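First to last, the sequence lines map onto chains A, B and C. Take 1 as the starting number for the first sequence in the numbering used here and just add one per residue. Take 1001 as the starting number for the second sequence in the numbering used here and just add one per residue. Take 2001 as the starting number for the third sequence in the numbering used here and just add one per residue.
Among the hints, a few may not be true.
[Unchecked claim] Computed spacing ranges between beta-carbons, pair by pair: (1) A:Ser76 <-> C:Tyr2041: 18 to 28 Å; (2) C:Arg2223 <-> A:Arg34: 38 to 48 Å; (3) B:Tyr1100 <-> A:Gly276: 41 to 51 Å; (4) B:Leu1252 <-> C:Leu2050: 29 to 39 Å; (5) C:Tyr2041 <-> B:Arg1016: 53 to 63 Å; (6) C:Leu2050 <-> A:Pro152: 23 to 33 Å; (7) B:Gly1180 <-> C:Arg2036: 13 to 23 Å; (8) C:Arg2036 <-> B:Val1152: 47 to 57 Å.
Hints are computed from structural coordinates only; laboratory data are not their basis. Quick caveat: nothing in here was measured; it's all calculated off a predicted structure. For each residue, glycine too, the CB sits at the ideal point set by N, CA and C.
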Amino acid sequence: MDGASVDGGFIELERVEKVFDVRRRTGFLKSERRRVRAVDSISFTVARGEMVGYIGPNGAGKSTTIKMLTGILTPSGGRLRVAGIDPSRERTRLARRIGVVFGQRTTLWWDLPLIDSYRLMHRMYRIPDLRYRQNLDRCVELLELRGLLDVPVRQLSLGQRMRGDIAAALLHDPEVLYLDEPTIGLDVISKAKVRDFLRELNAERGTTVLLTTHDLQDIEQLCSRVMVIDHGRLMYDGPLAGLHEVGDSERTLVVDLERELPPIEVPPARVVRVEGSRQWLAFPASESAAPLVARVAAEYPLVDLSVREPDIEAVIAKMYAGQAGQAERAVS
Amino acid sequence: MGTGRLYAAVAAGGFRRYATYRTATAAGVFTNTVFGVILAYTYLALWHERPHLGGYDQAQALTYVWIGQALLVVVSVMGGGFEDELMERIRTGDIAIDLYRPADLQLWWLAGDLGRALFQLLARGVIPMAAGALLFPLALPTRPGTWLAFLVAVVLGTVVSFAIRFLIALTAFWLMDGAGVAQVSWITATFCSGMLLPLNVFPGVLGEIVRALPWASLIQAPADILLGAADPLTVYARQLLWAAALLTAGRLLQSAATRRVVVVGG
Amino acid sequence: MAEATADEAVAGPEPSYGRVREGLRAYRLIIAMWIRSTMAYRASFVMSTLANLVATALDFVAILLMFSQVDVLGGYRLPEVAFLYGLSATAFGLADLTIGSMDRLGRRVRDGTLDTLLVRPAPVLAQVAADRFALRRLGRVTQGACVLGYALAVLPIAWTPLKAAMIPLMLLSGGLIFCAVFVAGAAFQFVAQDASEVQNSFTYGGQTLLQYPPSVFAKDLVRGVTFVLPLAFVNWLPAVYVLGRPYPLGLPAWVAFTPPLVAAGCCALAGLAWRTGLRSYRSTGS
Chain A
1 MDGASVDGGF
11 IELERVEKVF
21 DVRRRTGFLK
31 SERRRVRAVD
41 SISFTVARGE
51 MVGYIGPNGA
61 GKSTTIKMLT
71 GILTPSGGRL
81 RVAGIDPSRE
91 RTRLARRIGV
101 VFGQRTTLWW
111 DLPLIDSYRL
121 MHRMYRIPDL
131 RYRQNLDRCV
141 ELLELRGLLD
151 VPVRQLSLGQ
161 RMRGDIAAAL
171 LHDPEVLYLD
181 EPTIGLDVIS
191 KAKVRDFLRE
201 LNAERGTTVL
211 LTTHDLQDIE
221 QLCSRVMVID
231 HGRLMYDGPL
241 AGLHEVGDSE
251 RTLVVDLERE
261 LPPIEVPPAR
271 VVRVEGSRQW
281 LAFPASESAA
291 PLVARVAAEY
301 PLVDLSVREP
311 DIEAVIAKMY
321 AGQAGQAERA
331 VS
Chain B
1001 MGTGRLYAAV
1011 AAGGFRRYAT
1021 YRTATAAGVF
1031 TNTVFGVILA
1041 YTYLALWHER
1051 PHLGGYDQAQ
1061 ALTYVWIGQA
1071 LLVVVSVMGG
1081 GFEDELMERI
1091 RTGDIAIDLY
1101 RPADLQLWWL
1111 AGDLGRALFQ
1121 LLARGVIPMA
1131 AGALLFPLAL
1141 PTRPGTWLAF
1151 LVAVVLGTVV
1161 SFAIRFLIAL
1171 TAFWLMDGAG
1181 VAQVSWITAT
1191 FCSGMLLPLN
1201 VFPGVLGEIV
1211 RALPWASLIQ
1221 APADILLGAA
1231 DPLTVYARQL
1241 LWAAALLTAG
1251 RLLQSAATRR
1261 VVVVGG
Chain C
2001 MAEATADEAV
2011 AGPEPSYGRV
2021 REGLRAYRLI
2031 IAMWIRSTMA
2041 YRASFVMSTL
2051 ANLVATALDF
2061 VAILLMFSQV
2071 DVLGGYRLPE
2081 VAFLYGLSAT
2091 AFGLADLTIG
2101 SMDRLGRRVR
2111 DGTLDTLLVR
2121 PAPVLAQVAA
2131 DRFALRRLGR
2141 VTQGACVLGY
2151 ALAVLPIAWT
2161 PLKAAMIPLM
2171 LLSGGLIFCA
2181 VFVAGAAFQF
2191 VAQDASEVQN
2201 SFTYGGQTLL
2211 QYPPSVFAKD
2221 LVRGVTFVLP
2231 LAFVNWLPAV
2241 YVLGRPYPLG
2251 LPAWVAFTPP
2261 LVAAGCCALA
2271 GLAWRTGLRS
2281 YRSTGS
C-alpha cells in the first residue's frame, strides 16, 4: 500500500511517529497527563511531480505530518526524508527547497504592503534577481495580484491574502509545495483561481504538491492520488476512485413511479426512502446500474429515474466506521 | 431580562473573561510584587531622609507602595481594559451594531469594566498586598469599616477611570489612530494618579494641581482612606463629582458620535 | 548525507553560511524592511518616538520629584543617581530597541505564527528578534542618553582614560546583559505562553532597580542581582568605580571590570535556554 519505490521517492516516510504528552486541566491546579499518538507509524512515498491530497477529519494528524515534513516538528520515531534531507535536522537548508502555505495563518508580514514581504523573501532566500522578477511577474499575473502589491496584508480579503501567500511560497522555485487547507474560507471564484493556478504549476514546473483539505472538490479537481489519515494512521492510499470500493460505498437510484407503491423489491438494491411516488434505492457502488434499471423498468410502472454518485465525505465517514467496526471485532 | 440583571450578566462576563487567563494573572501578580519590592526600598530611603514627608510615616509610605501595586491594574492606570476593544469596534464599524442594541452603550461597557476590575482586585490586588505585608512592616487598618470605606473608594476610582477611558476611546470616531491618544492618556494617568509618587509629595503648586485633577481619584483617594489620612466623605464627594462630570461628558460625546455614525451611515 | 547527492546535483550546490552570520543577515534584512516602512510615515514616526521618550522619562520625573524633597537618596546626590539612571536606561533602551519584540514570542506560540518562521531559511531567534522592529524605541535610548549626558556634565569626576573607557563598555555590556534577559524570558515563554509579564519583572523591573543606588536596597536583594541574575554588572559595579563610591557587599575592586565577561556568560546561557525552549517546542508543538 505504501508502495515505496526502489529509486526512492521525493518525499519518503517510513514508520514515522509523533507522540505528544497532552496535559489537561482537571481542577483548579490539578492536571492530567495523557500520551497522544498524533501520527502512528505512517509510511508513504511521493514521487517528484506528484500531486497528492492528504485528507482526514480534524485532529487526525494531517497538520502534524506537514509540520514534520517541513521540519517544524521533530518526529518521535521513524525515518523521514524530503529531497534526501532530514527536515528536523536541516530545517533551514530544506527551507530553501520547499514552499509552505498555511491556510489559516499567513506567512506574510501583516502590517506591511504585500510587496514588502516579497522583497524580503527575495533577499532572504537569495533568489537571483532575474528569477525573482520572472516568478513574481508570473504569480502576479496568474494569481491576479496586480493592484494588491501596495496594499497592507491586513487589508486584503481572505481570498486575496491566500493568493498572496501562495505567491510568497513560490518565489524561490520550491521543488515541493505543502498546502495546508489552501481553500478554506474562500469564495467559489477564489477557489477556482487557486485550483487553476496549482494545476498549471504542477503541469508546467513539475512542482510536487501535497495538500491537506476539508474540501473534497480540491481533491477531485487536483489530485490523482489521495491519502486518508485518521487517528494518526494511514487508512487509504491510492486513486480517488478506489476510495469508493474501500469505503464500501453505495450509489443511489432515484425512481419516480406512476403512483404511490409499497417499497419495491429489486435485490441487491434496497429502498432507503419513500416519498409519495418517489423511491430511493441504495446499491453497491461497485455494481453496474444498468441491470438494476432494466429490472425496475420491466417490473414497475416507471416514469423517470436518476443515479446519484456517492458523496466522498460520506464514503470516508463510512470507511472510518468500517475500520472501527473491524477493530472492535478484532478485540472481542 | 430586567435591566439590572442584564448589566449584572455583562459584569459577570467581564469577570469571567479575565479569569480565564490564569498564567497571565500569575505572571502579573509576580510583576506587581517585584515592582512593589523595588519601590518599597526607594520609599524607605526617601522617608529615611524625610521621616514625615507628605504627612505619611514610614509604615504608611510603604503601605502606599503596595496599595499602588494592588490597584494599578484594577483602576487601569496604564490602560489595558475595555478601551482597546471599543476603539477597535469603532475603527471597524462594528460599533453600529452596539448602538442598535437595546442596552445603553456607556452602561454596557461600564458593567463589563467593573466585572474586570473586581476580578483584578481579587487576583492581582490581594496577593501582592499580602506579599507586601509579609515582607515589610505595613500600616494596615484593623477596623473592617476602614477596609469597607477603602473598597467604596476603589469602586468610585474605577468608575472615574472608566469615564476617562470611555472619553478616550470615543475619540476614535474622529481620529484615525487612537493609539497616540491612548498613550498620552496613560502617561498622564501614571503621572497624576499617584502611581509614580504619592501626590502629597509633589512640591508646591504642582502638588495642588495634581491633587485637584480627576486622576487623583484612582490611587491617591483610596490610599488616603486606607491610611486614615483623609475623611472618606470628602474623598467620596470629590470622586463622585468627577465621575458624574466625566460620565456626562462621555454621554454628550457619545450622542455626538452617534449622530456622526447615522450621518455617515456606518 | 550520501543520499542527498542526487538531489544536490539538481538543486545546485547549497551555499554554506555560518549560523551566526546567517542570523545577523536575516536580522538586518528584516529590520531594514521595518525601518523603510516606518520612514514612509515620517510624522507618525516622530510623534511616536517623542511619546516613547516622554513615557520613559516618567521614571526620571519620579526621581526629580524625590529630589525636590531631599538632597540625598541612599547617600547619593542627584547627579550620581542621574549617572546610574542614564546608564541603566540607555543600556536597557539599546536592548529594547534591538530585540524588544522578543516578548511577543508567547503570543506567536499561542496563535501558531511561530511555525511560519520555522519554515524560512533563517534562524528563528533572528526572525523573532527583528519582528516588528520599532524605531520609535530610540526615544528611550535618547532619553537615557540625555540624562547620562547631564550627569557627565555636572559630576566632578577626575577622569582617567580607564574611567572614560568604562562608559561605552558599560552601555555595551549592559545592553548585552539585558538582551540576554530578553532572550531567556522569551525562552521561558515556550513553556508558559502567557507569562510575558514575568519577563517584564526582570527587564523593566531590572532597569528600574538599577536606576537607584545599590545602598538603597536590602543586602539580600543586592546579592540576588549580583550572583543570581547579574544585573548589578550593568551599571552598579562599574559605576561605583567611576564614581569612587564604596562597593556594595564589600566586593573587590576588580569586579568593576568584569561586565564584558558577565555579559558573554549571560548571552551564552540565554542562547542555551533559547535552544532548549525551541527544541521543546519542536518536540511538543504546543
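List of violated hint numbers, smallest to largest: Hints 1 and 5 are the ones this structure does not satisfy, whereas the remaining hints hold.
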